[in-house]
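Residue numbers (full-length UniProt numbering), protein chains in the order written: chain A, 1 to 508; chain B, 1 to 508.
Hints may be right or wrong, so weigh each one.
Because identical chains share one entry, a pair is satisfied inside a single copy or across any pair of copies.
[What the hints assert, rightly or not] Straight-line Cα separation of at most 25 Å, DSS-like style, residue types lysine-lysine; simulated pairs:
hint: 1; residue 1: K68; residue 2: K331
hint: 2; residue 1: K301; residue 2: K36
hint: 3; residue 1: K89; residue 2: K36
hint: 4; residue 1: K87; residue 2: K415
If you are wondering where the hints come from, they were derived from the structure by calculation, not from laboratory data.
There are 2 protein chains.
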Amino acid sequence: HLPASGVYNSILWAVVSYVLLLWLVRVTFGMPDPAKRDQLRRDEASQQTGGRITLTVAEQKLDSHLRKLKLQEMSAAQFPPALHFFKAKRLIEKSPVYKILQKMPKGAALHIHSTSMVSVEWLVKNVTYRPHCYICFTWDNSVRFLFSDRQPFPRWDCFYWQLLETLRARLGDPTGFDYSLMQHLTLFTESPESEYPTQDIVWEKFEKAFIVAAGLISHAPVLKDYVYKGLQELYYDNIMYLELRCGLSRTYELDGTIHDKVLTLKIFHEVTQKFVQDYPDFLGARIIISAHRALGVSEVKAAVKEAIQLQKDFPDVVAGFDIVGREDDGKTLWFFREALSLPAQLGSMLPFFFHAGETDDEGSDVDQNILDALLFNTSRIGHGYALAHHPLAKELSRKGNIAVELCPISNQVLKLVSDLRNHPAVVLMSEGHPLVISSDDPSLFGTSGLSYDFYQAFVGIGGLKANLGTLKELASNSIRYSSLPANLKNKLYGMWLKKWDLFVAKNS
Amino acid sequence: HLPASGVYNSILWAVVSYVLLLWLVRVTFGMPDPAKRDQLRRDEASQQTGGRITLTVAEQKLDSHLRKLKLQEMSAAQFPPALHFFKAKRLIEKSPVYKILQKMPKGAALHIHSTSMVSVEWLVKNVTYRPHCYICFTWDNSVRFLFSDRQPFPRWDCFYWQLLETLRARLGDPTGFDYSLMQHLTLFTESPESEYPTQDIVWEKFEKAFIVAAGLISHAPVLKDYVYKGLQELYYDNIMYLELRCGLSRTYELDGTIHDKVLTLKIFHEVTQKFVQDYPDFLGARIIISAHRALGVSEVKAAVKEAIQLQKDFPDVVAGFDIVGREDDGKTLWFFREALSLPAQLGSMLPFFFHAGETDDEGSDVDQNILDALLFNTSRIGHGYALAHHPLAKELSRKGNIAVELCPISNQVLKLVSDLRNHPAVVLMSEGHPLVISSDDPSLFGTSGLSYDFYQAFVGIGGLKANLGTLKELASNSIRYSSLPANLKNKLYGMWLKKWDLFVAKNS
Ligand SMILES: [Zn+2]
Ligand SMILES: [Zn+2]
Numbered sequence: 001h002l003p004a005s006g007v008y009n010s011i012l013w014a015v016v017s018y019v020l021l022l023w024l025v026r027v028t029f030g031m032p033d034p035a036k037r038d039q040l041r042r043d044e045a046s047q048q049t050g051g052r053i054t055l056t057v058a059e060q061k062l063d064s065h066l067r068k069l070k071l072q073e074m075s076a077a078q079f080p081p082a083l084h085f086f087k088a089k090r091l092i093e094k095s096p097v098y099k100i101l102q103k104m105p106k107g108a109a110l111h112i113h114s115t116s117m118v119s120v121e122w123l124v125k126n127v128t129y130r131p132h133c134y135i136c137f138t139w140d141n142s143v144r145f146l147f148s149d150r151q152p153f154p155r156w157d158c159f160y161w162q163l164l165e166t167l168r169a170r171l172g173d174p175t176g177f178d179y180s181l182m183q184h185l186t187l188f189t190e191s192p193e194s195e196y197p198t199q200d201i202v203w204e205k206f207e208k209a210f211i212v213a214a215g216l217i218s219h220a221p222v223l224k225d226y227v228y229k230g231l232q233e234l235y236y237d238n239i240m241y242l243e244l245r246c247g248l249s250r251t252y253e254l255d256g257t258i259h260d261k262v263l264t265l266k267i268f269h270e271v272t273q274k275f276v277q278d279y280p281d282f283l284g285a286r287i288i289i290s291a292h293r294a295l296g297v298s299e300v301k302a303a304v305k306e307a308i309q310l311q312k313d314f315p316d317v318v319a320g321f322d323i324v325g326r327e328d329d330g331k332t333l334w335f336f337r338e339a340l341s342l343p344a345q346l347g348s349m350l351p352f353f354f355h356a357g358e359t360d361d362e363g364s365d366v367d368q369n370i371l372d373a374l375l376f377n378t379s380r381i382g383h384g385y386a387l388a389h390h391p392l393a394k395e396l397s398r399k400g401n402i403a404v405e406l407c408p409i410s411n412q413v414l415k416l417v418s419d420l421r422n423h424p425a426v427v428l429m430s431e432g433h434p435l436v437i438s439s440d441d442p443s444l445f446g447t448s449g450l451s452y453d454f455y456q457a458f459v460g461i462g463g464l465k466a467n468l469g470t471l472k473e474l475a476s477n478s479i480r481y482s483s484l485p486a487n488l489k490n491k492l493y494g495m496w497l498k499k500w501d502l503f504v505a506k507n508s
Numbered sequence: 001h002l003p004a005s006g007v008y009n010s011i012l013w014a015v016v017s018y019v020l021l022l023w024l025v026r027v028t029f030g031m032p033d034p035a036k037r038d039q040l041r042r043d044e045a046s047q048q049t050g051g052r053i054t055l056t057v058a059e060q061k062l063d064s065h066l067r068k069l070k071l072q073e074m075s076a077a078q079f080p081p082a083l084h085f086f087k088a089k090r091l092i093e094k095s096p097v098y099k100i101l102q103k104m105p106k107g108a109a110l111h112i113h114s115t116s117m118v119s120v121e122w123l124v125k126n127v128t129y130r131p132h133c134y135i136c137f138t139w140d141n142s143v144r145f146l147f148s149d150r151q152p153f154p155r156w157d158c159f160y161w162q163l164l165e166t167l168r169a170r171l172g173d174p175t176g177f178d179y180s181l182m183q184h185l186t187l188f189t190e191s192p193e194s195e196y197p198t199q200d201i202v203w204e205k206f207e208k209a210f211i212v213a214a215g216l217i218s219h220a221p222v223l224k225d226y227v228y229k230g231l232q233e234l235y236y237d238n239i240m241y242l243e244l245r246c247g248l249s250r251t252y253e254l255d256g257t258i259h260d261k262v263l264t265l266k267i268f269h270e271v272t273q274k275f276v277q278d279y280p281d282f283l284g285a286r287i288i289i290s291a292h293r294a295l296g297v298s299e300v301k302a303a304v305k306e307a308i309q310l311q312k313d314f315p316d317v318v319a320g321f322d323i324v325g326r327e328d329d330g331k332t333l334w335f336f337r338e339a340l341s342l343p344a345q346l347g348s349m350l351p352f353f354f355h356a357g358e359t360d361d362e363g364s365d366v367d368q369n370i371l372d373a374l375l376f377n378t379s380r381i382g383h384g385y386a387l388a389h390h391p392l393a394k395e396l397s398r399k400g401n402i403a404v405e406l407c408p409i410s411n412q413v414l415k416l417v418s419d420l421r422n423h424p425a426v427v428l429m430s431e432g433h434p435l436v437i438s439s440d441d442p443s444l445f446g447t448s449g450l451s452y453d454f455y456q457a458f459v460g461i462g463g464l465k466a467n468l469g470t471l472k473e474l475a476s477n478s479i480r481y482s483s484l485p486a487n488l489k490n491k492l493y494g495m496w497l498k499k500w501d502l503f504v505a506k507n508s
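So here's chain A without its partners, still in its complex pose (with noise of 0.2 Å):
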């Protein structure tokens, strides 16, 4: 070859370079560094829940995975979280990603009222098969139950009592019968934007269907089967440990004797050792105290008093107390004051785990109701569906460690949202905010454990932004901020984490 070629190739080369990087400065100048942006990116990322969660190889092979399945969710003709949750159940139960969260292990279900922890079709199908249940049908077109030995007295709200063997002997269809007594029991219908128009109709049916429930559950041999049930339910879905809210309403005997209320907290107990014992990978499960708050001051006193005492005597199973029932149309924490100040007073220790915020009317005095679960030292703060509107709460709820507990499925049938991309808790999320799952009232929306909330936060509320370390956090966050003395919580985070990795490696 010739000297010159190489000289040429040079200046050629030269040439090349200088073009090159004149496009280059040329593209690049003006526009936001690439890297920078990427940071950015990834700081914003890492403020989410679980953001900051570094994945193992197998856990980073299962969250692509899940992203993939994700995003072929997003782009069908029907998103789930965006439709009612009674159109979406089906979609959702078709659903790949639904059905990995079906065996993630959740760790603990922090916030499920006792008298709806068990799906109808059982209390149907089971329990009103049994013998000496008496049905009777209300005014209202509702109906009561009754376990009783003898022909039961009439009630004021019950004149005439029937045997449901006898009834459903002379009835045609017993199907249908038994699905007309689902339908008293559960807010699940096909259509729900025309059966329940406004907040205030579809509260007042789900307040009717835990009066139609009580009947059945109060009944003592029948509440140990139900809370057994009721565990087992959980148990299925990957879930190790209950905190339950319960009224401890007395439970009654088919002779019409009615037992103190301190038996329904020893049935509950009972047959959580029983189940504890059955299946040994299921920790256990506690009860916070709950008072309605149609009652008046002195009852909640009353109630906190009992509470108080109940917690002594049953350490181990009593968690805490909470005072329940719609907030919009119902007394203020604030209003109760006096009643929630005698565990502080008394010197008891009690902790309060209220329901607050569970609202859509900013700058009521419900509205209000964040703040005073706060400055009343609450441990959780139940739904806190309005806690992103109240900076100053949000600041004292996260550097309190006071985690929020999301019901996105109860939130939405009960008409504050109605597409969960929506829902508030989305700034929460982003933000890293302390949060756990729950489910509320299973029965009443047709749920059945965690998963299908688990859904609605993983693929509505955190959006394609939430991953497989988003999951991890909120199953540990049910562990966390459960309400378990250190050793047991330690124990709990251990059986979980042996199962997580188990379903990592299993799935990924």
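Given chain A, put chain B with the ligands in place with the hints provided.
Coordinates of chain B with the ligands only, in the frame set by chain A:
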């Protein structure tokens, strides 16, 4: 009197005081200090938009009047911000709160698109009744308009042009016909849920309506009247200044002559000057040149270069540049990064006013437009619907004093949110994030001016918390965050404040 009586009195008082003190200690111990509680509530309230504004005595009077009216509105059977605007419109028009907002000097309208600034009634009842107006019915059930002094040639989308005058003379029901024409120009309908079941469908109709209007508006003589009429609608709604997003489409004459884009700008400028002469308490209007995101990178590059030149030639008229069109299925800002870096490369100061984050899809590329808008130094954020879900972008926007242009009715009609109490701006407003209120496409949503959107922001998004201070800050923000040079800002602010004080004096 006996000396003993004094002693008895003292003892009595001591006992009474002691008992009172005991009772006080008993009741207050364990209870949050009410003074501290009030302080926290005040602290939180002071963070919201307008929360630090000290109201004058007259303003306080008007404020408590407004609060009373708002409370009534909230306890009514139907709460307008919770309904679809098309159903709420009549309720809002009857609302005493709305009537006060109409009279309120609202400052500037900073986010309105030129093709939808005048009511469709005027377009149909006035413009289409002008001579030489042809209509053509397209195969996809839409229409096209064209002014021409001879029978227009068939076009690819329009084969048969009819003179409207002739057609109307043959029609039995001109009122019904005119109504049908209006339907092509607006989204407004009595049954929004069934007509617009999805975002895709509502956006399709939305883009179609623009094309229909274009045939009328881009006729040069019509454009003059149109701009004048548009300014008048704002003026009647107590608005004093406008920044108009405008694609600068070419105008045409009866004989088919097509003008340069510069003429569009000149017409706009001249009409505005004429309007200010006629209404000296109106300050003026500027244009934000807009390119559609359906264009390719090189076309947007050309548009940016053109905007740079036009801003040099008409610095009083051209405020800046924006990219418009539906974000959710369109190209991202980052896709246009080469075009958007041009001003910096060419040493131009062309400001950006980007639409960004008009989406529900969290974590998608579209969702990242907000961060990119900020990285490209946008002066304001159009919609910023997703901003509250981006903690870092929110911080950048706040620190950089980059205001969000909040258009609540647009977001609802275009199906991002159904109940406006769930609009993410609730979060922004509670934190006092820089915000201005605008109407986006008034004629398409059946609104006029800003009063409807102010109503939704004040009653729906602000809730009971928002007060007259909120309104005052929102109005003054519209001046503060405008593109006006400092001297004109001060002038406008002075003009506005005078009107504000008069408004308060008259209504308190
Ligand atoms: Zn609950
Ligand atoms: Zn817009």
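Cross-check of the supplied hints:
no., hint, result
1, K68 x K331, "between (47 Å within a copy, 21 Å between copies)"
2, K301 x K36, "between (58 Å within a copy, 24 Å between copies)"
3, K89 x K36, "neither (42 Å within a copy, 46 Å between copies)"
4, K87 x K415, "both (14 Å within a copy, 19 Å between copies)"
The structure is inconsistent with hint 3 alone, although it conforms to all the rest.
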